[in-house]
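Protein sequences, first through last, are from chains A, B and C. Here the numbering used here is used: the first residue of the first sequence is 1, the next is one more, and so on. Here the numbering used here is used: the first residue of the second sequence is 1001, the next is one more, and so on. Here the numbering used here is used: the first residue of the third sequence is 2001, the next is one more, and so on.
It should be emphasised that the hints constitute simulated quantities derived from the structure, not laboratory data. Some hints could be false.
[Unchecked claim] Calculated pairs, DSBU-like style, for lysine-lysine (alpha carbon to alpha carbon, straight line, at most 30 Å):
| no. | chain 1 | residue 1 | chain 2 | residue 2 |
| --- | --- | --- | --- | --- |
| 1 | B | Lys1002 | C | Lys2389 |
| 2 | C | Lys2030 | C | Lys2054 |
| 3 | B | Lys1002 | C | Lys2137 |
[As the list claims (entries may be wrong)] Facing chain B, from chain A, some residues (calculated, C-beta under 7 Å):
| no. | residue |
| --- | --- |
| 4 | Gln55 |
| 5 | Gly57 |
| 6 | Val58 |
| 7 | Arg111 |
| 8 | Thr130 |
| 9 | Gln140 |
| 10 | Asp199 |
C-beta atoms are modelled at their ideal positions from N, C-alpha and C, and glycine is treated no differently.
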Amino acid sequence: MKKEKQPARRPSAKAPKGVSRRGFFQAMGLAGAAATTLAQGGCGSSGGGVDPALQQGVGPDAIDVALKVNGRDVKVKVEPRVTLLDALRDHLKLGSTEPVDLTGSKRVCDRGSCGACTMIVDGRTVYSCTVLAVEAQGRQIRTVEGLSEGGKLHPVQEEFVACDGLMCGFCTPGFVMSAVSCLERTPGATADQIRKCLDGNICRCGTQPRALEAVVKAGARMKGRR
Amino acid sequence: MKAFTYKSAASEADAVAALGPGAVALAGGTSLLNLMKERVIEPSVVVNLKSVAGLDKIEAAGDGWKIGAGVTIAALLENPQVVKGYPALAEALETVGTPQIRNMATLGGNLCAKTPCLYFSHDGFACLKRGNGNSCPAKDGDNEFSAIFGTVMPCVSVHASSASPALIALGARLRVAGSGGARELPVEEFFVLSKDDPARENVLKQGEIVTHVILGKPAGKSATYVALHKASHDWPTALASAALDMGEGDLVRTARICLGGVAPIPWRVQAAEAALAGKKVTPETASAAADAAMAGAAPLSQNAYKVKVAHTALKRAVLLAARGSWK
Amino acid sequence: MPYKWPEKRQVIGTKVPRLDGALKVAGKAKYSYDRNLPGLLHGKILRSTVAHGKIVTLDLAPAEAMPGVKAAMSIKKVGDIVRFGGDEVAALAAETEEQARDAIRAIKVAYESLPPLASEEAGLERNPPPPPQTTEKGLKIEEAFAKATVTSEGFYGVAVITHVCLETHGLVADWKADDDLVVYCSTQAVGNTRNSLKNHGPFKAIANLKVTCETPFMGGGFGSKFSADLQGTVAAELARKAKRPVKLMLERDEEHWAGGNRPSLFAKVKAGADKDGKLVALDVESYGTGGNSTGVDMRLPYIYLPEGHRIRNRDVNVNAFNKRAFRAPGSPQACAVMDQMMDDLAHAGGWDPVEFRLKNLPGQGNPLVNLSPIWEKELKMGAEAIGWKQGYHKRGDPAAGPIKRGLGCAINTWGGGPGGAQASCTIAPDGSVEVRCGTQDLGTGTTTLVPIVAAEILGLEIKDIQGKIGSSAYPDAGGSGGSTSCGGVSLAVGVACMKALEQIFAKAAPALDAQPGDLEAEGGKVYVKAAPAKSLSWKQACALLGAQAITAVGDKADKEIQGMAASGVGGAQFVDVSVDVETGQVRVNKVVAVADCGLVMNRLLCESQVYGGVVQGLSLALFEERRLDPRSALMLNPDMEWYKLAGHSDLGEIEVHLLDYPERGVIGIGEPPVIPTQAALANAVTNAVGVRVGVLPITPKRVLDALAKK
């Protein structure tokens, strides 16, 4: 993970001056005033030109898809309808040059509602069940496995264990990814901001109170290290 | 999901050319892929619009802003000019989906998304809008979340877009590109309520795409109030966007008010606008404007409660716009 | 000497982070869903698209000809009846999941529709109507009401909810040989899952069939996962046919349709109290559904016992999947009826709801009488923590403006206690300890519990123990349900370790010039109680075993245990809400949960169970409801969007207080904390808005409709 770049911009945690914040929504991860015109897209907005093959059209049969996952190049052979989540969970070892088994991200709702499949793509959390693998080419994809490469857990992961922010653990990788992204984009995030960051993740066991506690503690640790 | 051919469009022309019969446009995917998994939509070609050069930009245009249809909700919320200049839009966008959805979903996708109606969005039901049924199953079925306006129409779904009421209230325009070139139209005219074609919510023809939203000069006061059941993430029970042009003595010169989540398309309520014209905004006048709007409501068997919610949303949006607080 | 827990406990009752936590947070824990075996095929099930009908066509041939399909089978045949939307009809396995989905759609199937029952009300009206089951106890109901000076009437209810296990039901079936099946199953009962496969019709004839269920991790069960289930046996059949491993995990909609649900309960209630505020009479006319052939789990009257009561219940069938046990079966529903009734009766009599409950706690003649002092303590603690004295007002917040605040409470009980369980403890001459127990960890922390108990008994540290659970190859320990795992497993492991330790003591005693009964194991040493300086290190003591490791087996059925476990807990919860009476939206400000579970084994994880119960309870109270289309009876929200589940911003502050009663032994905490949240929240909402909102979940529609009727 060390090799992977941090998100290009580290947005200020403060809301721009004069911005009215009337709703429940607290300003978080807001881009600084410098980001005037160029929107940094989430999953998808294009950086350079379009691959002529993709422009021409691929599929419906399986095609080679090259993905950059946790800083490594992997290849999968999948149909265009296969999601990024399914490609990494189920198809990776079939076509990969480097056999890795990325089943840490879970498929729970498969409809972009629960967050168990959360990955960080180009510095933003996405529901990987709702991204096509073919659209994820050329993007920097981070999965939960990437957080602890080399065996050392990320502070967020350590605090999840210490605070018992997990029970059955099936939602946990998704929560961890949302939390990591939250703290990367909004260092020093408040508990209210973290709560909002985690609203896209559902837990059935009821770990939310302690997951929140874990992320608050991890945030304090990460900030202290800077 | 049915297997399909995937194309990445490099330009508007490319996209338009690729969007032939059987093709659909893919933006953030947060709505489309679900419908494809449910087999509600079974395209043979999926055209990725996010690769179209320039669609992800927010650019100054005259006194206002030209926003690419591919700009994500998150990016818009991080743009201080948009947030400051158009509070009604920002307040609507804040309640769209979850952090992950806001990172993925685009403004263009929000305008064009299909209804979240329980019947339409799940496989297994014969549905007029989906095109596999002769009547609307929600009408005398489970209509707790269905429309309260426009219910004389054959389909009683509610429109998915939370941004559109704000854009309509703000008088925004859209740029639409097609094989015959590009055109601009007010957002309000983009949406159509068709008795004959319940599948349709907007004027887009085969091969046409929304490329930009054009916001005029930030002016007046605006706000959106969104009523939710679940605070963490939900479809609005009802929402209202209001934009007020204030004259002398704190009197409303003109108001533009539009409701969301209450009709098959965003529902502009001119009766409420007229009720406010020339008045000072107070809890009483705001409530009277909401009364005027709700006079047109025709709830279904199970959703009379939504009239109350929409009334509240409208009243609070007007108060928020005028006074910065509804309380 | 009977076995008992040590007086001075070093490990039990401390806060031990879960031992498999690191694997889970790193995404390295392999759940059933994550098992990608070499040659794996993906199984899918064809499910009925009508909720009630007769199969008139079923042809698998077109599917068998589809790309990638390696095996197909029918589950039902032409002429069979389907009884719910999503009923299983046929299944197949293919090389990829996408191919399996395509092939399922190629199966030719047609149904002759039969009229479906889509709601409890429709079920009540069918011809003939379901017969009532009546229980009457104590005074005749008229005599009981004759004693009442205050009465109240109300309608209370709880909708059907589904379990929504995040890891769906299902398994990966791998035939190692013709008579050797290994399954990786998402189950809360590895032993019973094995048995259900061994006893599965088509497999019964296989001579010497060996079945092993491996479940080191599983993603939630809540009462719905006690066997291989139909999808499990189907996967095993497909795998046998294809001679390749098959993964068949349900998709989310299937999980809603056929993964499990909790019965509804709706009750028209009349209750009476005498002038002293004693509950004297209760008359309930209720109905509810447990699916197409089962009813409610009736637990009324719950806790409070009037002088006379009559319960008339009708079990109603609808065309939906049958119920499964859900966290404290029957109790949350009964509590929602009973504790709302208590609130309404207190309101009618002008009594403070907490005082009214205190006055009506079980007395002599009520089997729960022994728990009353616990409830008394809990109600007082909870009232203090929520700020009852300052915050409680009579029904209807007098504050101006549309945001109304209210407080509510409810109490609960549950049995728990030790379930049947066995464990083995093996101690090797090098001092290593392995404890095996055929239990499983649902997220409750059993993986961590086993070494806690072993370390305590053997006087070692947790890291010194190899705990092995999650396999049917280990000594049978029963399913994890009814809050009985903690008790059963603790006893079995404890007794196994005590027996093993006796053998170590027997070897060590001569070396220490003492009797085995004089020895103690603590702090990594075996020493003479009366002369602690006379000691051996654990390793030295174990070395005395010679070449052979020893193994002892513990069974919770061993008679010689004393005070190690019990059953029966009391709990109380208080909820503080704000309700927007113009939008119907409820905001939870705070929940206080006071819970009792006897001897706390792992304080950290025990608290998590209580947090979890409250969170789940809030989600159920505010959001969750299975919606069936009134015409077709097909489920309208088989997803995680319209089947609404609480997220972080919906929860408010949650405060957990654990009561410690070590002298009672282990009881279990899984189910009880989910029971009272719904009733407490409904009471808080009612206290805020001034009218009873009696049916859960409390949606904007229900709040505004209730206010409109005011």
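Right, here's what the structure says about each hint:
{"no.": "1", "hint": "Lys1002(B) with Lys2389(C)", "in the structure": "61 Å, violated"}
{"no.": "2", "hint": "Lys2030(C) with Lys2054(C)", "in the structure": "40 Å, violated"}
{"no.": "3", "hint": "Lys1002(B) with Lys2137(C)", "in the structure": "60 Å, violated"}
{"no.": "4", "hint": "Gln55", "in the structure": "5 Å, holds"}
{"no.": "5", "hint": "Gly57", "in the structure": "4 Å, holds"}
{"no.": "6", "hint": "Val58", "in the structure": "5 Å, holds"}
{"no.": "7", "hint": "Arg111", "in the structure": "5 Å, holds"}
{"no.": "8", "hint": "Thr130", "in the structure": "5 Å, holds"}
{"no.": "9", "hint": "Gln140", "in the structure": "14 Å, violated"}
{"no.": "10", "hint": "Asp199", "in the structure": "4 Å, holds"}
When each numbered hint is compared with the structure, violations occur for hints 1, 2, 3 and 9.
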